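Q: So you can see what is in the structure, the chains are spelled out below.
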Amino acid sequence: MTPALNRTIGAVTRSLPGALSLIILAVIIGLAISAPFLPIPDPAAMEFDLYQSPSTDHWLGTDNYGRDIYSRVVWGARVALTVALGAAFLSILLGSALGAVAGYFGGTVDGLLSRVFDIFLLIPTFFLILLIVALFGASLPLTIVAIALTTWPRSARLMRSQVLTLKSRVYVQAALAAGAPQWWVILRHVIPNGIAPIITDGTILMGMAILTEAGLSFLGLGDQNMVSWGSMIFEGQRHLRLAPWMSIAPGVALLLLVASLNLLGDQINFAMNPQLRTRGGAPRKRASVAPPADEPAPSDTTPILEVENLRLEYRTPDRRVTAVDGVSFSLPRGGSLGIVGESGCGKSSLGSALLQTMPNNAEMTAGTIRFDGRAIVLDGKPVVEKGRSRIDQLRWKRLATIFQSAMNALNPVTTVRRQMIDALRLHKPDIKTSEAAARIGEVFDMIGIPRSRMNAYPHQLSGGMRQRAMIALSLILEPDLVIADEPTTALDMLIQDQILGEIADLRARLNLSLILVSHDMGAVAESCDVVAVMYAGRIVEIAPTRAIFDNPAHPYTRTLIGSLPSLTGPLEELKSLPATETAAAAASEGCRFAHACPSATELCRTTPPPVVALSDGHRSECHFARDLAFADTREATG
Amino acid sequence: MTTPILQLDRLRMVYNIGPGLVSRLTGRADPPIVAADDVSLSLYPGQTLAVVGESGSGKTTAGRMATLQERPSAGHVRYDGQDVTHITGAALKSFRAKVQMIFQNPYDALNPRLTVGQSLAEPLRLHGLVPRSGLRQAVLEMLEAVELRPAESFADSFPSELSGGQLQRIAIARALIIKPRVVIADEPVSMLDVSIRSGVMNLMRDIQRKTGLTYLYITHDLSVARYMADRIAVMYLGAVLEEGRAETLIANAAHPYTRLLIRAAPEHRASAGKRSRIRLPSDAASQVGVPSGCRFHPRCPLAQPVCREKVPALGIVGTDRVAACHFAKDVQVNGLSVSLD
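Here the protein sequences line up with chains F and H, keeping their order. Residue numbers for the first sequence follow this note's numbering, beginning at 21 and rising by one. Residue numbers for the second sequence follow this note's numbering, beginning at 565 and rising by one.
Simulated from the structure, these hints should not be mistaken for laboratory data. Hints should not be assumed to be uniformly reliable.
Below, simulated BS3-like cross-link-like pairs (lysine-lysine); rule was C-alpha separation at most 27 Å, straight line [as the list claims (entries may be wrong)]:
1) H:K657 with F:K187
2) H:K743 with H:K774
3) H:K743 with F:K187
4) F:K187 with H:K774
5) F:K417 with F:K401
6) F:K401 with F:K452
7) F:K448 with F:K406
8) F:K305 with F:K187
9) H:K657 with H:K743
Anything over 12 Å on all C-beta distances counts as not near chain F; from chain H, calculated [unchecked claim]:
10) P568
11) I569
12) Q571
13) G639
14) R642
15) G645
16) T649
17) L704
18) P744
19) G763
20) V788
If you want the ones that stay clear, here's a sample from chain H, every Cβ over 12 Å from chain F, calculated [to be verified]:
21) P676
22) S683
23) P869
24) V875
Bear in mind the structure is a predicted one, so any value in this text is a computation, not a measurement. For every residue, glycine included, the Cβ atom is placed at its ideal position computed from N, Cα and C.
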């Protein structure tokens, strides 16, 4: 059993609706299977006490022939479940086989099969079933086949779309490249990975099948030799006034079974899509605070941004993850800071915390952020002034951001120019159109977009131009500080270099402060005065750029620098870390890098390292920071 | 020089986009996309050839043609001197056993429903190389070889329990378990963290040293190419612009594009100062409608009228070096500061 399957089963059984529907299903299935062995009367045995209301002899009363209704409901469950399982099984088997073939081979095969699915979807279920019953007579197996024949295109279309995405998956490609024949790939790699949503849909199919069979029996077209809930309801409604329990009992049973099947399907779907669980949820109302009374007026020497002991946690239903764990730094006006780290180190979370644009499941548990001397976050709570949070007043106007993906950040249905005018108008409502156009032209010139491209839609621009448009949009209101989260990662080398160059030019020209979040030591080295290295939620080393490359005083920084191949200098064996995850780091008692550190001692594993101040603005969290800082760097980076 | 083990000989790959309804009505059909235009590459046994290029350069297409995942529209693929361009059936299967592939995305490289051991055993079972009883042992040995220890516990784990670096090591193990002679690796480390990247690259180099494997290493990063490869081929918009021995190509590039790539690489070395940047005339590059003349001329800081009109041929610019630039010799001597008149 794969861990994913285990997790899904666990999540379904733990949720209340999931557990409830499973219990109801278990009871119904248990009763249906054990019906012949239960001490209940024969469902067809007639007695002379007709229309008995529920009593201790007959728990659910008797019908117009004096048959025990409880016994008939239990036996009816056998029919309902047989139909459900039979129809769903046939429908999924046929549907997923044909769907897989259509999706996998594509082209003409797909075209033909898709038309067949469409035609079958167009046939009204009842019409086909009536036809079959009229031609071949009423029998349970025929009903099952008829239901399957009208529902299989559902599974087929689901499987087709699954396979369309699955066949481009790397492991499918790899199996083909290893020389596997097509049928092997379909059976071993494609269908097992595509079947999950079809099984989920199967529970819904079962509910439909049960209702269809009940409907047929209600019309008197079911198998007359079987006890079906549908025919019981049909008979019941003729005696509704005399004996309402005759139709209520099978009706409730039908409702319970179908409802619990649908509920179960929902829960499985919910459990299999983690996004539905973690990402979702409405924004929570966060407690806010008033600005502190004794706030000094900002002067020229006030840092543009000050961060103290920032902590950010993510909540998932079963645990809390600390993404940023006590980060402090200060950025002087006009300065530039690079925040470097690897995936999961918390650098992007830190970026979103600075702008207060965290996802809904994130929570700031501590920390103070001051922008230009004024607190925008105090003790983890946003500062609200005159009914508006301070960050809302600053965002974009004075504190702008550049995202990694310009395609997602620009509105695809309006022109770049329109979006820039809208942004201007939002903050300067009385600006004239001609003034706005002049300002936009200026910004475009600055960032290197030809003015002729102003009226282009985002999709008409190349990747590099889009990223430039994104930067132009963030600069249009002349902010003081720009936070750029991996602004060039998705771009090609030459364009990446050009855009970094343009950001550097702009910074010099506009006296802009910059925070550059990146995984790329090289990009940061050239664009920033100060570099902060993050590991497992903490800044483990921060220093002026030259100092961090010349005298790295943390083993992690040394590894990062030593692991980069270079185009100059002699070819040396690159350094690397063992392939362990940072999750292990957060759990350790001592230094969080100890588990991967090449020179960890017993001290490192038991005691968290102190913050060691080395020289002006150079801090490192390592027990051996001093030794490292003065060690020979050639040996260290080699 | 010895004969190449795998040779791509003047390969062309053209994708025709079927005309859509609108363009059929307006009478404007999209031009076909030329993903590879006369690409010739040679892999020598025991060596690594790196193919460097940005997105849309055709480097991935070249790799896919080398493994016969895609068949070229024109040209020949030769393995050990034999033309294998259009082989099928048993011949294709035995070719696949000799030429393996490592993909870019390690998180998607393994079937999530199979254990690592099952995934690794699959190629062995497909080719019937090891008896059923010996599969487990072969898998464990391979896991040891890619430094995943303890091998037992890795063999029984599922992909979702492993990190990116571990997954890519397993993907490498799967490619190597049937003892191929050539491995095509398409950006095998670009999705990994920096500190993990170097570990995977070192592993690939170690394996090559021990087994004499041949690599075709596809990357967008020239410094990675320098670290991994004996020879480098630089591709742009479907064509090879320059090819040669890694060290000499980087030290003395003859194509302006190569020079720009070298300049664009951020330098972190303590000794390196700030570089000066050259503003490029254009940064659009698209395979639809390759420019006339030299395909790089719209972005070239040295472009001259002749570049717009005449396609430069791949010419010899030194021992064992070729470049496709009208001014290759000048660029070699003066770099990008060359004044052309």
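Q: With a cut-off of 27 Å on the C-alpha distance, tell me whether H:K743 and H:K774 pass.
A: With Cα atoms ~12 Å apart, H:K743 and H:K774 stay inside 27 Å; holds.
Q: Between F:K448 and F:K406, is the straight-line Cα distance small enough, at 27 Å or below?
A: holds, 20 Å
Q: Holds or violated: F:K187 with H:K774, Cα cutoff 27 Å?
A: Given pair F:K187, H:K774 is violated - Cα atoms ~35 Å apart, limit 27 Å.
Q: According to the definition I'm using, a residue is off the interface if its beta carbon is farther than 12 Å from all beta carbons of the partner; does H:G763 meet that for chain F?
A: violated, 3 Å
Q: Take a quick look at H:S683 and tell me if its Cβ sits farther than 12 Å from every Cβ on chain F, holds or violated.
A: Contrary to the label, H:S683 does not stay out of reach of chain F, its closest Cβ about 8 Å off (not over 12 Å).
Q: Is the hinted pair F:K417 and F:K401 satisfied, with a Cα-Cα distance of at most 27 Å?
A: holds, 21 Å
Q: Given the hinted pair H:K657 and H:K743, is their alpha-carbon gap at most 27 Å?
A: Holds, because 14 Å separates the two Cα atoms, which is no more than 27 Å.
Q: Confirm or reject the statement that H:P676 sits farther than 12 Å, beta carbon to beta carbon, from all of chain F.
A: The assertion about H:P676 is violated, with a minimum of 6 Å to chain F.
Q: Can we confirm that no CB of chain F comes within 12 Å of the CB of H:G639?
A: holds, 21 Å
Q: Would H:P568 pass as off the interface with chain F, using Cβ distances and a cut of 12 Å?
A: At about 21 Å from chain F, H:P568 clears the 12 Å cut-off, so the statement holds.
Q: Once the closest CB in chain F is found, is it more than 12 Å from H:V788?
A: Contrary to the label, H:V788 does not stay out of reach of chain F, its closest Cβ about 5 Å off (not over 12 Å).
Q: H:P869 clear of chain F by more than 12 Å, beta carbon to beta carbon?
A: holds, 22 Å
The structure does not agree with the numbered hints 4, 6, 8, 18, 19, 20, 21, 22 stated previously, though it agrees with the rest.
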